[in-house]
Amino acid sequence: MNTYEVDVAVIGGGSAGLAAAIVVKKANLDVLILERDKELGGITLQCIHNGFGLHEFKEELTGPEYIQRFINQAIELDITYKLDTMVVEITTEKVIYAVNNKEGLIEIKPKAIILAMGCRERTRGAINIPGFRPSGIYTAGQAQRFVNIEGYLPGRSYVILGSGDIGMIMARRLTWEGCQVKAVVEIQPYVSGLIRNQVQCLEDYGIPLITSYTVTKIHGKDRVKGVTISKVDRNFDRVIGSEKFIECDTLLLSVGLIPENELTREAGAKISEMGGPVVDNNLETTIEGIFACGNVLQVHDLVDLVSAEAKRAGLNAIDYINNRYDKKFEVPGKIKCKAGENVSYVKPDLINLSDLSKDVIFSFRVKRPDRRLLIQFKDNKNHIIYKKKRRYVIPSEMLEIKLNLSEFKFAPDTKNIKIEVIPRPEALIEED
Amino acid sequence: MIYDVIIIGAGVTGCSIARTLSKYDLSICVLEKEAEIASGTTKANSGVVHAGYAAQREYIKRHLCIKGNKLYSQAAEELNFPFKRIGSFVVAVEDEQIKGLEEERKKGAEDGIPGLELILDKKRIQEMEPNLTEDVVGVLHASTAGIVSPYELTFALADNAATNGVKFFRNQEVVKIKHQDYVFTVRTYQGEFQARNLINAAGLYASRISRMLGLDYFRLMPRKGEYILFDRNAIHLNKILFPIPTKISKGILVCPTLHGNTFAGPNAQNLNDPEDLSTTTAGLKEILVGGRKLVPNLPLRSAIRNFAGLRAVPDTYDFIIDNTDIYGFINVAGILSPGLTATFAIADKIVEFLELLGEELTLKEDYNPYRPKPERFKDFNRQELDKKIQEDPRWGRIICRCETIPEKEIINAIHAPVGSTTVDGIKFRCRPGMGRCQGGFCRPRVIEILSRELNIPYEDITKRGEDTNILVGETKDLALKNLARGVDNE
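As you go down the protein sequences, you meet chains A and B in turn.
Heads up: the first sequence begins at 1 in my numbering, then just goes up one per residue.
Heads up: the second sequence begins at 1 in my numbering, then just goes up one per residue.
Honestly, the hints are just simulated from the structure, not real lab data.
Warning: the hint list may mix true and false statements.
Calculated cross-link-like contacts (lysine-lysine; reagent style BS3-like; alpha-carbon spacing at most 25 Å) [unchecked claim]:
id : chain 1 : residue 1 : chain 2 : residue 2
1  : A       : LYS336    : A       : LYS270
2  : B       : LYS33     : A       : LYS38
3  : B       : LYS481    : A       : LYS109
4  : A       : LYS244    : B       : LYS285
5  : B       : LYS378    : A       : LYS225
6  : A       : LYS102    : B       : LYS387
7  : A       : LYS94     : B       : LYS481
8  : A       : LYS217    : A       : LYS182
9  : B       : LYS285    : A       : LYS231
10 : A       : LYS334    : A       : LYS415
11 : A       : LYS102    : B       : LYS378
12 : A       : LYS94     : B       : LYS387
Computed footprint of chain A on chain B, listed as stretches where at least three residues anywhere in the stretch have a Cβ under 8 Å from a Cβ of chain A [to be verified]:
id : region
13 : 395-403
14 : 433-440
15 : 456-467
16 : 473-479
Computed, partial: chain A to chain B, Cβ under 10 Å [claimed, not checked]:
id : residue
17 : ARG36
18 : GLU39
19 : LEU356
Owing to the predicted nature of the structure, the values given are computational and were not obtained by experimental measurement.
Where is the CB? At the ideal position from N, CA and C, for every residue including glycine.
Generate coordinates for the entire structure from the input sequences, incorporating the hints supplied.
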């Protein structure tokens, strides 16, 4: 069995893993990327539409163009990577076991680990659509792979359930292939992906977006023959009598993404309620020296934001190796960050109090859209320690607030802080 | 050729009969309507091996169940299918239900069921099953009850039967049967098969097969049961949990599976359509409500799949296992619960019937009762794994990430004695697509391997046979590329 000792092992060679590995390598540390697919690049490779790179490179690129720049850089820097290599275990002692078909079982003993495994799509069973189990039901991402990578069409006429970004992008892609997209059906009263995708992928092609509806039955025993959609009320209960039949041979699901954290769990790291690991503001999990970034931590709107987060994880891993690894250090106090009114989750979950001069990036999503708001941070005594006005919020857009911890006035006994997004009091509305 | 025996139907009943008969010097073939074996009732049922106290004494199914349960230990050893005697609870939540449970226990013990115990000590019950409802007042514990993977059992039976000379023909829907000069001629859409004895194990279609020979003496009503399957980390149960049974069914149970998942179900809906495998909103709600009566913290968030199975309910409410008036024609119909438990006892019964019919049953000298355990990546320790990959690198290429299934396991499933040819077949044989992502990542790769190993074009690979195609054609890009390639070749 081959054993490798490296400074940093990066699990996943997609947009997060590559960006993190590049930062680490530039600091002259040994880095090893473990990628389970046959090439580097991850899911971005099948995202052949444009809209990538506006933050990172200040120009608009397709997914493959965007990720190729990172791949090229990794190759120029001579970063070691292993393809077709599946990590099967991370022990609580941070030893990684992986397999591939060239070396068999390999053992990696890193000083630090960066988790960058990405996410997976929600599936039919998880959302419990009744009906038959015919052929012709795919997640949007799976259809994207068939069309963009393998070169095959999974159907001719489609209904897409869920207005997630991949679903809307596939609606346009399939229209280009001469397929018919009958409707995008969304259970919420608003679109769940980015507004720009609603405009550029649906409205520009006259594809109907039907909100407050969901698929309540799948027809067809062998192959999908159609779906029944029904209106839902505020509690998502279907409205009897609102059923409509739509004929189609394929149902695509774009109903959300879930961080892929089986290995994280196995390593013994705590997982937060939203699925990603619990991290502090250094993106360090509850296990010392294991960091997480990209969609394994939280599902991002844009790959550019994944790259940015991954770079931070890389820098923090470097800092860990230089200043904490194998050294005695005082375990700092931590403050918990909680989701308050209209906030579905907050990252980081913990604020590390070792260095109060640091900038912290808070990212979070709202549960429902709203206008004229106030974003407030409160401590456990309900004192407002920070506030900011905001005109409009929607769940599909991740909110990011960068703050220097010195801006907060922490009471010495602060245990937790809460972020809430609330309607602005009348006086403030006047100012708009 | 004229076979000694034709078996119609490759579900657990047909395959179990085939395997038992393969001990003897007989030529046997099995005809299956679907593209894969274990495609009907076998594929979607609770997978419970019952202790045998539940059915009434006047029913043959009670006696075959009690006998069948005992036969499982040896069979599991020979055939290496997943099976565990974890024990079951029938859960009483009201004091007046206790009396009924005690009666069941007494009768069961009299009929030779070991390990039945009425437990009234609430603390002990909760130690044995911490997730059980607080409302419990007592349980009937049956220690011999167990869980089995019904389709894996069926693959094991079929593979072992095939190794012992039984021929399996799939995609053979029977359309007509003739009986002349003591020979049955069975016509399917694909061809014709002849035998001296015909065993009807056609599940939901058994009454149709029987009518083809003019025997119209029983009715089968399809009864649908829906299930919800929960993710592996969702909850962990020690016991099979039954509610107090009603007159028509054992009720909605909550049960662990051998792969670490948990399921709740089935409900019971009587239907006319023997193909209606649809799940319904009302049904799924019923299961959740029913399941939560036993396990209040069943997490709907962790549901990964719902599915429905059909069982054939005979109008007699008992198994129909008959040496019929037509010489050599045996009906094995209406095998609903506890048919899975009884399966080995049913097969032994068929041996008796063939003896009655005057067949000379001589044991084959080279009969091999053993089926080796399918090699699984997950069963290897680190050293074994490393060795395996050195021997065959395909052990090191992981296709299914959720379940950690390497290419080699899929290839083994394709080239098994009664190997799989479809994506669903592969899924049931070795689990790619069974996990959290339900095939999102691995399906294109499974198609690629099937296409390569079976030499079938990529786009012709189906989900589970005819009319269940996965892809409908090429994209413009690929079509152009192929066109260009074609031009180059000329």
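Now the hints, each set against the structure:
1. Taking the CA atoms of LYS336 of chain A and LYS270 of chain A, the gap is near 14 Å; set against the 25 Å cutoff, the hint holds.
2. Proximity of LYS33 of chain B to LYS38 of chain A is assessed by CA-CA distance (about 39 Å); at most 25 Å being required, the pair is judged violated.
3. Our distance criterion of 25 Å between C-alpha atoms is broken by LYS481 of chain B and LYS109 of chain A, whose separation comes to about 45 Å.
4. Taking the CA atoms of LYS244 of chain A and LYS285 of chain B, the gap is near 22 Å; set against the 25 Å cutoff, the hint holds.
5. For the proposed pair LYS378 of chain B and LYS225 of chain A, the alpha carbon gap of about 39 Å is over 25 Å, so the pair is violated.
6. In summary, the hint linking LYS102 of chain A to LYS387 of chain B is supported, as the alpha carbons are separated by about 12 Å, within the 25 Å threshold.
7. With a CA separation close to 47 Å, the supplied pair LYS94 of chain A and LYS481 of chain B exceeds the 25 Å bound.
8. A distance of roughly 16 Å separates the Cα atoms of LYS217 of chain A and LYS182 of chain A; the hinted pair therefore holds under the 25 Å criterion.
9. Taken as a hint, the LYS285 of chain B and LYS231 of chain A pair is honoured in the structure, with Cα atoms around 19 Å apart against an allowance of 25 Å.
10. With a C-alpha separation of about 8 Å, the suggested pair LYS334 of chain A and LYS415 of chain A falls inside the 25 Å cut-off, and the hint holds.
11. Our distance criterion of 25 Å between C-alpha atoms is met by LYS102 of chain A and LYS378 of chain B, whose separation comes to about 19 Å.
12. With a CA separation close to 24 Å, the supplied pair LYS94 of chain A and LYS387 of chain B stays within the 25 Å bound.
13. Under the rule that three or more residues need a Cβ within less than 8 Å of chain A, the assignment of the region 395-403 of chain B holds, with 6 such residues.
14. Three residues within the 8 Å Cβ limit are the bar, and the region 433-440 of chain B against chain A gives 5, so the coverage statement holds.
15. A count of 7 residues in the region 456-467 of chain B with a Cβ less than 8 Å from any Cβ of chain A is obtained; the coverage claim is therefore met, three being the minimum.
16. For the region 473-479 of chain B, the assignment as covered by chain A holds, since 6 residues bring a beta-carbon within under 8 Å of that chain's beta-carbons and 3 suffice.
17. Using the Cβ-Cβ criterion of 10 Å, the hint placing ARG36 of chain A at the interface with chain B is satisfied: the shortest such distance is roughly 7 Å.
18. Given hint, GLU39 of chain A at the interface with chain B, is violated; its Cβ is 14 Å from that chain's nearest Cβ, farther than 10 Å.
19. With 10 Å as the threshold, the beta carbon of LEU356 of chain A stays out of range of chain B, its nearest partner Cβ sitting at about 37 Å, so the hint is violated.
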